[in-house]
Amino acid sequence: MRPFEHVRCVSAAEAVRAWHDAGNEAAYYAGGTELLLLMKQGLSRYERLVDIKHIAALGEIASTQQGVVRIGAAVTHRRLELSPELQRLAPLISRVERDVANVRVRNVGTIGGNLCFAEPHSDIGVLSLLLEATMTIQGLDQVRRVPAWEFFRGPYESAVEQGELLLHIEFPACREGTRTGYQRFRHHERPSCIAGVLLEPGEDPGNCGRAVVAIGAAGYVPQRSRSAEAALSGRTWREVAAGAAEAAALTAAESDPTEDLTGSVEYKRHLVEVLTRRAVLEAVGRMEEGQA
Amino acid sequence: MHGIGEGVPRKDAWEKVTGQAEYVSDLALPGMLSARIVRSPYAHAWIRGIKTDAARSVAGVVAVVTADDLVGIDPFYGAAFKDQPILAMGRVRYEGEPVVAVVASDEWAAEAGAQAVEVDYEPLPAVLSLDAALAPGAVLVHEEQLRPAGHFHDLSDLAGRQGNIVHDFHFRRGQEPDAIFARPGVTVFEDTVTYPMVHHAALEPYACLADWQGGELTVHTSTQTPFTVRQELAEIFSLALSRVRVVVPYVGGAFGGKCYTKIEPLAVALSRHCGAPVQLCLSSAEAFRTARKPSARVRVRTGVRSDGTIVARHVEVHYVLGAYADVGPRVTQKAGYVALGPYRVPNARIDAYGVYTNTVPAVAFRGYGVPQLVLGYELQTERMADALGLDPQELRRRNLLRPGERYSPDDAPVDANLKQDLEQAAGADWAAVLDEPHTGRGIAISLKSTGAPFVSHAVVRLRADGSATLLASTVEIGQGARTVLPQIVSTALDIPVDQVRMLEPDTAVTPYDQATSSSRSTTLSGLACQRAANDVKEQLREIAGRAWGIDPTQVTVAAGGLAHGERTMTYAEAVRAKFGMNGGEIVGKGSYVGEVGDMPLKGITPFWETGAASVAVRVDPETGEVTVLKARSVADVGKAIHPDLVRGQDEGGLVMGFGHALYEEMAYADGQLVNGNLIDYRVPGFGDVPDSLETVIVENQDGPGPMGAKGVGEGSTTVAAAAIAAAVYRATGVVLGDLPLTPEKIWRAMLGVKARETLREAVQEEVGRIGS
Ligand SMILES: Cc1cc2nc3c(=O)[nH]c(=O)nc-3n(C[C@H](O)[C@H](O)[C@H](O)COP(=O)(O)OP(=O)(O)OC[C@H]3O[C@@H](n4cnc5c(N)ncnc54)[C@H](O)[C@@H]3O)c2cc1C
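Just so you know, the sequences run in chain order W and Z.
Start counting the first sequence at 71; every next residue gets the next number (the working numbering).
Start counting the second sequence at 4; every next residue gets the next number (the working numbering).
Simulated from the structure, these hints should not be mistaken for lab results.
Here are some, though not all, of the chain Z residues that point toward chain W, as calculated from beta-carbon distances under 8 Å:
1) 288
2) 625
3) 628
4) 670
5) 678
6) 680
7) 682
8) 683
9) 685
10) 746
11) 747
12) 750
Reference excerpt, derived from the structure (chain W facing chain Z, CB under 10 Å, subset only):
13) 71
14) 73
15) 107
16) 112
17) 259
18) 263
19) 331
20) 332
21) 334
22) 336
23) 337
24) 338
25) 341
26) 344
27) 347
28) 348
For each residue, glycine too, the CB sits at the ideal point set by N, CA and C.
Sequences are here, hints too, so could you generate the full structure?
Below is the structure:
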């Protein structure tokens with residue numbers, strides 16, 4: 071790898087300034103699991119790396135009284151996996167994190183790096199859609215908030231503009247009794263298909279009031295399946311289980327897979343269907359077992 | 004004390020774990036320059052022009068070297084044919100072929116220089132697949148007359164090119180299989196399988212440091228064959244062998260990919276051009292563009308009687324060797340020769356071909372062409388058994404060669420108990436997992452000729468204090484040679500193993516050894532080491548005999564000393580007795596030289612390496628994903644001198660084969676290698692290793708090596724993919740021999756079966772309706 075300058079910052083404002091001072095020649099450097107690979111392969115070149123790992127605010131996991139969980143962009147996968155607080159507040163995140171990458175990547179790779187890199191095979195992308203997260207982004211002279219559904223613009227392209235710094239991600243509280251299912255299919259290093267399902271009880275706890283179905287890795291960006299959500303919402307739990315296959319078929323029809331080394335469009339659409347069905351049934355099953 | 008059968012700590016473990024072990028890329032010489040290669044972006048093209056001015060003006064760049072600069076030397080190399088130019092000359096034959104080299108004060112300057120080189124190409128039609136290469140009127144990858152390299156006596160009948168076929172090998176026995184196939188009572192099975200292009204993925208990519216000093220050349224390189232490298236460098240640069248010194252520090256994995264000359268001629272040419280030491284270290288992406296395993300298509304036709312006795316077999320195999328032959332012709336014939344498998348086949352015909360295409364050159368790879376064949380014949384064994392209503396193990400037992408039986412009349416008798424190996428492989432009780440739905444067990448068994456690297460020499464120097472230095476040129480490639488060979492010497496001399504130090508291979512110092520390959524080192528280099536130690540022992544006996552006035556044969560050697568009756572003498576005392584001073588040393592020499600002659604491979608195999616493994620898999624009926632649940636492999640090694648190292652070799656070889664069976668394939672699109680890096684190319688990781696992975700060591704002391712040892716390290720690789728394919732067949736009913744067995748392929752094949760089943764049901768319904 072070519073030599074570069076390493077600038078360590080302790081505040082977000084300082085980091086943004088350090089980035090702009092270097093013109094377009096800088097990159098934010100968190101865990102480096104993506105960035106350093108690109109640099110080693112000679113695909114990207116930066117004169118300056120702005121190290122954001124030591125910015126205290128970016129390393130926090132906090133919760134508000136409204137139950138919103140706020141995760142700093144520089145929090146590592148490993149902390150998300152092991153944090154007792156998160157296991158209590160947002161158990162799905164910890165559960166999914168166990169299978170993300172491998173322990174070496176989880177030890178240094180961050181949630182913010184994952185989102186900003188916008189690699190299509192991301193678990194975090196699907197999680198943020200499924201849990202309806204909001205991202206907070208700081209530029210030179212403004213801080214803005216972007217909902218997850220507007221965050222992913224394309225492969226390797228997010229709402230974070232050049233020089234902007236992702237500060238944190240907020241996950242709203244889930245309604246009591248919410249159940250989730252999460253299925254991922256991995257044959258290569260990263261998953262080639264992911265389906266997540268969230269079922270929120272309605273006014274009548276015997277019903278599913280609202281369903282969220284999010285898929286990813288099969289196409290360029292994570293996606294929600296509005297048709298499957300509509301099909302599952304307002305049904306009794308038994309109907310949800312019975313309708314899993316139908317919801318899965320709707321999701322597959324709505325999906326937009328892309329062919330790559332992990333499979334053809336046809337196969338990936340098939341995977342979307344299989345995994346969505348399994349995720350719906352997993353969520354219903356967890357409810358029967360009484361665990362989120 | 005010697006740890007025979009128990010093991011001693013690996014000599015290299017501490018250094019490697021603490022990062023102290025030195026590899027070529029860790030070395031530096033005063034005034035050393037770094038080099039970077041500009042590679043072809045086309046699979047096949049004319050080079051119309053190269054602009055180097057901009058590169059030359061990059062700060063730090065010392066030289067920009069093209070084929071035109073390679074003057075005064077023979078700029079071609081190759082283990083079988085000298086068909087590979089050091090830098091492309093006028094024409095490139097695969098994507099990634101070296102075209103220009105930039106030498107600079109450091110690697111970043113070299114990199115910047117390389118990016119500033121402009122090459123003008125005129126793309127040509129390329130042959131990328133086997134079928135394209137064999138098609139009538141196909142574009143020829145090589146049109147020139149091929150020059151045999153003359154390195155192997157067993158490649159003495161290299162005929163050269165016919166179309167894109169660079170070499171062929173044929174073997175006949177008994178009557179023509181086709182005649183037997185036509186006989187009544189003979190059922191014929193035909194299977195065609197394909198083995199993908201895969202890469203060795205050694206963690207250390209190719210690296211070489213060349214230091215040209217007038218007529219003296221020193222090369223530090225990551226190779227399995229220092230002496231072949233020396234030979235080729237001497238030929239290219241017209242130097243006496245004694246002027247070429249090849250030194251091999253630790254090698255970070257090789258797997259056959261570092262056999263024979265690779266980047267050394269280029270590094271040397273650059274050093275010669277610049278008059279300074281030049282280090283050339285490739286990235287792993289470049290390693291993908293340097294060497295791979297021969298991909299293959301294997302067609303097996305077998306005639307059996309209803310009781311399962313094989314009466315005839317015809318195997319046709321095409322190895323796809325890529326743009327340059329390297330050692331591919333030798334793989335073609337050495338593997339082709341054992342294409343009949345470990346079975347008694349009275350009427351046989353083998354046709355093996357090595358074929359050029361515009362892809363990365365194919366070279367030696369753990370298993371040396373045999374895994375490709377085993378996939379064909381063992382998948383067929385399972386299918387055959389089902390069709391005949393026989394237990395596959397029974398079918399195998401009926402046909403397996405017995406100990407002492409000959410594969411071929413003029414070759415060595417089989418020195419393994421294949422039935423025992425099979426029983427051990429099949430013996431695990433996996434009923435609990437196999438009772439689950441969508442699971443299956445697959446078994447495969449193989450036989451591999453160890454073939455021709457026939458020569459090893461060793462020298463043992465017994466020092467005046469009774470400790471010993473071992474000089475042998477076996478390369479430590481991770482297999483544990485620097486642990487096991489000293490064990491053999493320490494056993495022969497009966498001194499503690501830590502009293503034996505083994506040097507790194509250095510062609511100026513350590514004696515000739517043909518290759519660290521073919522699972523041969525413990526057995527054959529081991530024999531040379533043992534003989535050298537025995538030679539020392541004989542000399543010590545003579546010293547004691549003379550001192551005590553008795554016949555040397557009456558002197559016994561034990562516990563690191565000499566004795567006769569009450570009289571004893573330590574080794575140190577013996578050395579002192581001989582030289583009359585506290586100095587001098589006893590030098591012992593030992594050799595292993597194989598038997599050569601006019602047999603199919605021009606030599607008798609020193610031993611047969613066998614493979615036998617059994618795996619249990621689960622296949623997701625919806626996604627086609629395969630999970631390996633259990634694996635058991637049999638290492639029939641004669642004698643396990645270091646059981647942990649045997650297990651390490653066996654397990655590593657097996658999991659490597661799982662990678663080929665399930666995940667790995669160098670993917671090409673429009674002639675470009677699209678996953679040629681360790682990010683996109685998927686090798687097995689620890690997460691892919693089954694929870695239960697077991698090596699059964701069979702020790703019948705039936706090998707020719709020290710203490711009855713035979714080689715290990717390739718056997719499990721030869722059977723791994725076949726066992727997986729067989730298990731997938733058992734789990735799904737789908738016969739799929741087109742590796743890798745990706746989930747998508749299995750899914751599609753299962754869909755096909757389902758479609759056929761649905762069709763069959765529909766037809767039956769229809770028939771039923773009509774009938775009523
Ligand atoms: C082998 C391997 C397997 C993997 N498997 C999975 C998997 O199964 N599931 C999954 O979801 N992911 C997987 N990943 C991706 C992994 O999660 C990411 O690599 C990691 O989270 C990225 O974080 P980082 O801190 O290392 O990012 P870095 O490499 O430091 O940065 C990545 C990019 O984001 C920018 N950036 C980083 N932080 C910020 C910020 N706060 N604001 C603005 N820009 C920023 C950087 O400039 C850079 O362009 C895998 C990665 C590897 C290498």
